[in-house]
Amino acid sequence: ESDKNVIETTQHEMDAFNIVRAILRQSLPIERITLRDTQSYCGVLLDDNNRKPICRFHFNTRNFYIGLFKEKKETKTPIESIDDIFNYANELLEAVSDYNER
Numbered sequence: 001e002s003d004k005n006v007i008e009t010t011q012h013e014m015d016a017f018n019i020v021r022a023i024l025r026q027s028l029p030i031e032r033i034t035l036r037d038t039q040s041y042c043g044v045l046l047d048d049n050n051r052k053p054i055c056r057f058h059f060n061t062r063n064f065y066i067g068l069f070k071e072k073k074e075t076k077t078p079i080e081s082i083d084d085i086f087n088y089a090n091e092l093l094e095a096v097s098d099y100n101e102r
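Residue numbers (our numbering): 1 to 102.
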């Protein structure tokens with residue numbers, strides 16, 4: 001088997017996931033927020049449902065990006081550090097409220 005297909009969740013991805021959970025805990029139980037790592041990005045989902053993406057971490061390149069969702073469309077935004085995720089609290093809360101309204 002090839003090591004190229006091994007998906008490893010990095011410490012950066014776990015730290016980012018915990019920040020997203022900290023932000024969203026004010027609007028829903030954190031058990032509903034799940035992490036799903038793939039080859040090209042690390043996704044944060046509502047109810048472990050890939051039709052309900054909250055955000056994506058694109059940390060596999062030299063630059064870090066957070067993918068934010070609005071009306072099921074992803075916008076990739078560069079971030080300097082993991083802590084910058086706190087600057088997108090409103091967008092993350094909006095993404096979750098969009099799913100709760102349906």
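Everything labelled a hint here was simulated from the structure, so no lab data went into it. For clarity, every value in this text was computed on a predicted model and none was experimentally measured. One should not assume that every hint holds.
[Stated by the list, open to error] Straight-line Cα separation of at most 27 Å, DSSO-like style, residue types lysine-lysine; simulated pairs:
(1) K52 - K73
(2) K72 - K52
(3) K76 - K52
(4) K52 - K70
[Claimed, not checked] Quick list of the computed label-pair ranges, beta carbon to beta carbon:
(5) A89 - N5: 19 to 29 Å
(6) N49 - K76: 17 to 27 Å
(7) A22 - D47: 27 to 37 Å
Beta carbons are placed, not taken as given, at the ideal position from N, Cα and C, and that holds for glycine.
Hint check results:
1. K52 - K73: Holds, at roughly 11 Å.
2. K72 - K52: It holds: about 8 Å lies between the C-alpha atoms, which stays within 27 Å.
3. K76 - K52: Measuring from Cα to Cα gives roughly 17 Å; hence the hint holds.
4. K52 - K70: 11 Å, holds
5. A89 - N5: 19 to 29 Å: 35 Å, violated
6. N49 - K76: 17 to 27 Å: 21 Å, holds
7. A22 - D47: 27 to 37 Å: 19 Å, violated
Consistency with the previously given hints fails for numbers 5 and 7, ordered from lowest to highest.
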